[in-house]
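Participant: First to last, the protein sequences are chains D and W. Whatever position you read off the first sequence (first residue = 1), add 339 for our numbering. Whatever position you read off the second sequence (first residue = 1), add 339 for our numbering.
If you are wondering where the hints come from, they were derived from the structure by calculation, not from laboratory data. There could be a bad hint or two in this list.
One copy or any two copies: either way a pair holds, since identical chains are not told apart in the list.
In silico DSSO-like links for lysine-lysine, alpha-carbon gap of 30 Å or less [to be verified]:
hint, residue 1, residue 2
1, 599, 621
2, 381, 691
3, 687, 407
4, 599, 687
5, 687, 414
6, 438, 691
7, 415, 383
There are 2 protein chains.
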Amino acid sequence: MPQAALIAHLQTAVTQQDEARIAQLAPRLQAADLADVLRDEKPKMSRMVLNQLDQAQQAAVFGYLPLKLQRRIMKKMSLDAAAHLLSYMDSDERADLFKKMDEAWQTQVLKLMAQEKREDLRRMASYAEDTAGAIMTSEYASIPESVNVGEALDIVRHTAPDAETISRIFVLDEQQVLLGMVKLRDLILATPNTPVSHIMETDIAAIATDQDQEEAVRLISRYDLLTLPVVDKQHRLVGIVTHDDAMDVAEEEATEDMLKSSTVGNLESSLSEASLFILYRKRIVWLVLLVFANIVSAAGIALYEDTIAQYIVLVFFLPLLVGSAGNAGSQASTLMVRGLATGDVRLKDWGKMFGREFVVALGLGVTMALAVSLIGAARGGLPIAMVVAFSMVAVVMIGSLVGMTLPFLLNRVGWDPATASAPLVATIADAVGVLVYFSIATAVLGL
Amino acid sequence: MPQAALIAHLQTAVTQQDEARIAQLAPRLQAADLADVLRDEKPKMSRMVLNQLDQAQQAAVFGYLPLKLQRRIMKKMSLDAAAHLLSYMDSDERADLFKKMDEAWQTQVLKLMAQEKREDLRRMASYAEDTAGAIMTSEYASIPESVNVGEALDIVRHTAPDAETISRIFVLDEQQVLLGMVKLRDLILATPNTPVSHIMETDIAAIATDQDQEEAVRLISRYDLLTLPVVDKQHRLVGIVTHDDAMDVAEEEATEDMLKSSTVGNLESSLSEASLFILYRKRIVWLVLLVFANIVSAAGIALYEDTIAQYIVLVFFLPLLVGSAGNAGSQASTLMVRGLATGDVRLKDWGKMFGREFVVALGLGVTMALAVSLIGAARGGLPIAMVVAFSMVAVVMIGSLVGMTLPFLLNRVGWDPATASAPLVATIADAVGVLVYFSIATAVLGL
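Chain D extracted, bound-state conformation (with noise of 0.2 Å):
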C-alpha cells in the first residue's frame, strides 16, 4: 500500500477510535507521516497511538512532533515512561524537549535515566540556543589513530547501532582529540592491514560548540559535507551536526531572514506556537518605529501646505509617487540583502552594483513616469503631467539606490544586511518621495 492510502486509512482508524486497526496500521507509516496525523490530534489520542509502537519507532515519531505538542504529552506520562522514551530518542532532540520542562520534572526524571544517557543529557543541554552544541548529535562513530582498517571496521560494526552515521568516521587520539575523518567508502576500499593514518583526511572543517549554527550551516553547504565534527577549547570531539539538521537549521534561518525583511523579529518558535503576546511584541517594536520615522514626510508635507493649498490635485499623487519609490527600494534591497547573504555579491562589489542599479532605476523610473504622466495629463494637463513624471524618475532612483546601499552600510557596521526591510526601505523612501515630489512642483508650477 502507498503512504498516502496508509495515512488515509490511519486518519479513518484514529477518527473512529478503531484500536486493532491503529495498532497494524501506524507501525507501517513512516515517522514524519505518523507525526503529521498526530499533530491535530488531541494529546490522548497520540498517546494511545503511540503505544501501539515499540520503544524506537516512538521515539522517531515523537522527535518529528512540534515541541509543544510533545511537551505535553510528555508530561502526561508516567516519570518512568518518559525516562524511558527519552532513552530512545535522538540526543539533540532528547536535549531541546528536556529544556523545555519543568525544573521539578527534570530533576525526577534524570534520576531514572542510566548514567551514560543522564550525562550525555545534561551536557547537550548546556550549549545556547543557536550555537553548534546545541544542534549536534554526540552519537558519532570514532577509532583510535593506532588502528589498522580491519580492526576500525570491527570497532564500526560495534558503534553502528548507537551512531546516527558511520558514512564519516572520527580519528581520536587517547584525550579524544579530533585528529582527522576517515570515510566508510574508504575503509571498504583499503585492505584490512593498511594503518588507518594512511587513509584518513586530516585537513578538515571542525567547528567550536558555541559558534553560531548558522556557521555550521555555512560550512556544510560550502564544503558538501556529510558531518561537520564539533569540538570543546580542547580541540576534543563532543559531537557531529549531519545533513539533516544542518537542512532544518538552513531553513529556519530562512524564515528568519524573511520575517526580519518586513519588520517581524525571530519568533523563537513556529508561527502557530507562538502566544499572541508573543506575535504582539515580535510585530510592534518596528510598526511604532515606523509610525515616528512617517513623520518625516508629515513635516515635509506640511512645509509645502501652501503648495497643497494651491494645487489640490497633487495630492493625488502622493500615494502613487511615495509608494512606487517604495516598492522599486524594496525590490533593490531585497536583491542585496539576499545576495549578501548568499555570498555572491561581497562587500567590496558595492561600487559596481550602485552602478548596476543607477542604469536599472534609471529605466525603471522612465517607464513608470511614461505610465503616470498620461493619468497626470488627464487629471491636471501638462504642467502636472511633467511633475509627476519628473518625480517619478526621481524618487524611484533615489528609493532604489537608498535601497541598494543601505544593506551594504548595514553590513558594514556589523548588522545584519536584512534589517534593510522593505519596511524601512519604504519609509525612508517615503520621506524622501515627499520632499522631492514638492519641491520639482514648486519649481515648475512656479509657486
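Got chain D sorted already, so can you dock chain W onto it with the hints?
Facilitator: Positioned in the frame of chain D, the structure of chain W alone reads:
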C-alpha cells in the same frame, strides 16, 4: 597551515603571477576555497591556476565556479582539453555547463568524448530546468536483487570510484527497475551470505525525472534522506539527488521566494551574473502594475477633494496612516507565506489564524493609535486626534487581515502564496486606507 592562511598566500602568489608558488599552494586548498579565489581573476589567470592541478581537482574546482565564468574559460580551451575536463566533472554539473554552450561546440565536443560519458551527457542535458532530472547525478551505486551481502560488497568496491555516494546502494531488477535500497551500514553489519533481499528496505521514497526540484527537496528534508532515487516512467532508476544538491536547491528556492516577496521575478541566475536588461525586465512588470493599482488610492483621494480642501492638515497624516496599514499587512502576509511554505500552517487553519490575527492586529492598532493621536492632538486638536486614532486602528486591522488572508486565497486558487508580496499588500492597504481615513474624517468632522 590553516585554510585561511593558505588562501591568503595563494592570493598573493596569483597577484604576483608566481607560477611556481601557485603550483605549490593550489593543490592544498579545498576546491570551494580555490574557486572563490579564481572568481575574481581573469579567465586567462584562472586557466593558468587550474593547470597546476590534476584532472580530478581541476574538475572539482571548475564545478564551484559561477556558470558564466565556467563558460568563458571553457570557450578559450582547446576542444580536446574541454572534452577531457568535462569527462572528469560531476554528471549534473557537466550537463548544466554543456547546455550553456553553443550548438556547434556541443557537436564537436561530444564527438571527442568516450561513448559512455557522451550518452550520459546527452541524457542528462535533456531534462527540463527545475526538474528532479536536472539536479540529479547519474553516478549512483546499484546491485541486483539476487546477490548476497558478500557479493554486494564486492560490487560496491568495484563501483565505488564512480559513485557519488555508496552509503546508499539501490537494488534493481534486470530491467533496472528500482526494487529497494540497502544502507552500506547494514551490509557491513550483516553476515556475508545473507541475501540482500532480506535486509533491503522496499518502502522508500522516489521521484520521477519530470517532477519539480522543490518536491525533491521536500522529500529529502521531510524524511531526512541522504539520497533520493530518481526514476523514469517505467520506474527504472536513472539517477539520484544527493543531500548537498538538495541544500543548494533549497537555498535557490529561498532566494526566489524572498525576491518574489518584493515583486522581483525569478532571475534564473545569480544577481551578479544577471544582465541589466534581465534585471529591468524582472522588476518593471509589478512596478507598473502597482502604479495602476495605486490609481485606486488616487481616485479615493479625488472623491474627498472637498474634505481635503477644508482640512489640509488631513494630508499631513496620509502617508503615515497608509504606510502603517501597509507595514502591518506585509508583516501578516510574510508570516503566513512562510508558515504555508514550511508546512507549519495549512490551508484549513485559515479560520484559526484569522481569529489570532484579529486579536494581534487589534493590539497593534490600538498601540499605534495611541502613538499617533498625540501627534494628531498637537497638530490639529482633539477632533483631528480622534479621526487619526480611529483611522489607525481601522487601517492596521484591515491591512493585517487582508495581508494574512491573501496568501491563503492565492494558495487556494493554485498560485504561489509568495505572490502576496509586501508591495501588493501595501498597495491594497493604501487604497483601503485612503477610503477609510477620509470617510472617518468626513463623519467625525461632520462634513
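Participant: Against each hint, give a clear statement of whether it holds in the structure.
Facilitator: These are the hints, each one checked on the structure:
1. 599 with 621: both (10 Å within a copy, 23 Å between copies)
2. 381 with 691: Between copies, since 17 Å is at most 30 Å while 57 Å is not.
3. 687 with 407: Between. Shortest inter-copy distance 20 Å satisfies the 30 Å Cα cut-off; intra-copy 44 Å does not.
4. 599 with 687: both (24 Å within a copy, 26 Å between copies)
5. 687 with 414: For residue 687 and residue 414, only the inter-copy Cα distance (28 Å) is at most 30 Å; the intra-copy one is 53 Å.
6. 438 with 691: between (48 Å within a copy, 28 Å between copies)
7. 415 with 383: For residue 415 and residue 383, only the intra-copy Cα distance (9 Å) is at most 30 Å; the inter-copy one is 68 Å.
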